[in-house]
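Participant: Sequence:
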Amino acid sequence: MIEKLNLQEGVALYRLLADGSGDIVVKTDLKGYIVDASPAIAQLGFDVGANAHVGVHLLDLVGEEGKPQVAHAHGNAVAGGEDGAWIEVSAHTPDQRESWYRFRARALRDESGEVYGAISLMRSIDEQRELRDQLFAATYTDTLTRLTNRSAFVSMLEHMLGSEMKGCLGLFSLDFFRSINMKYGQHTGDAVLRVFADLLREMLRGDDIISRIGSERFAVLLPRTTAEQAEAICSRVVTTLAERRQKVGECEFAITASAGVAQISEDLDSTMERAEMALFTAKAKGRNRLEMERRDRPRFVAAPSATGQMHNRRHDD
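Numbering (my numbering), first residue to last: 1 to 317.
Hints in this document: simulated from the structure, not taken from any laboratory. Worth double-checking, as some hints may not be accurate.
[Said to hold, decoys possible] Under the rule of at most 30 Å between Cα atoms (straight-line distance), these lysine-lysine pairs were calculated in the DSS-like manner:
(1) K166 to K283
(2) K285 to K166
(3) K27 to K183
Since the model is a prediction, treat every value here as computed from it, not as a measurement.
Hey, can you work out the whole structure from these sequences and the hints?
Facilitator: What follows is the structure in structure tokens.
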């Protein structure tokens, strides 16, 4: 490892590293204005011609949300700070695509040790973020319907309860789903699940969270929704589904669903129990209908497993 370089050698090394890398290397003065940059700055739409980017401020390279972080990192560097921690910031490329970078700044000192500016590095992390997003999606997405899965649903419901966010939970169960599978085959059954998932996406609001939590069972979290509003929203789903004769593969038949709605309160077990009881009542009353929770009903046992899943009686048909 080279331990000590004179000024000219240091400049030569900087050029060698900067010119041969996809990293954006930027030299700035004490106020954050660029005095030199590597050719990779062209990634952000800046001309690499002589002095084309000189006078541009460092903050002009990053998105609005990242400006305070970059300003803090640069200020810490020119103040003599030595930590130079990595931060993640976004920037916009010439085609208006959002790109992500790791950013780090270090002080530049003259031969007397006086700080006269900073050198910053921006390293693209788009591939890493894409991989991270793919891993997240694989963990929390139901592969058949592309909705969030039960694990994600439990986490989001716990978050709503922990933050004391008001709202309602709606549980849906496709009626006679086991019979559909037996009569038409699993391929048709899978198509029915996708049809219902698409209907939920179509009819629910942008802030609502839709999950497939079991074989034929779906859950929707309705943030900041009163019981009356939740009843109206979920009733429209049940009614619309029943009114449409769906074309599924070579078959065309009516699909119906039962639903139960409960307010999100107390804890996860209580919220799930009340919605489950309402769903059970809807099925007991003939299916293809919605029932609201009733607070006066006696509680029944619904013990969570080690994975947070609720074990209760099943009502596939």
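Participant: Verify the proposed pairing of K285 with K166, using a straight-line Cα cut of 30 Å.
Facilitator: 29 Å, holds
Participant: Below or equal to 30 Å on CA atoms is what counts here, so check K166 against K283.
Facilitator: 27 Å, holds
Participant: Quick one, are K27 and K183 close enough, alpha carbons at most 30 Å?
Facilitator: 70 Å, violated
Violated hints amount to a single one, hint 3; each of the other numbered hints is respected by the structure.
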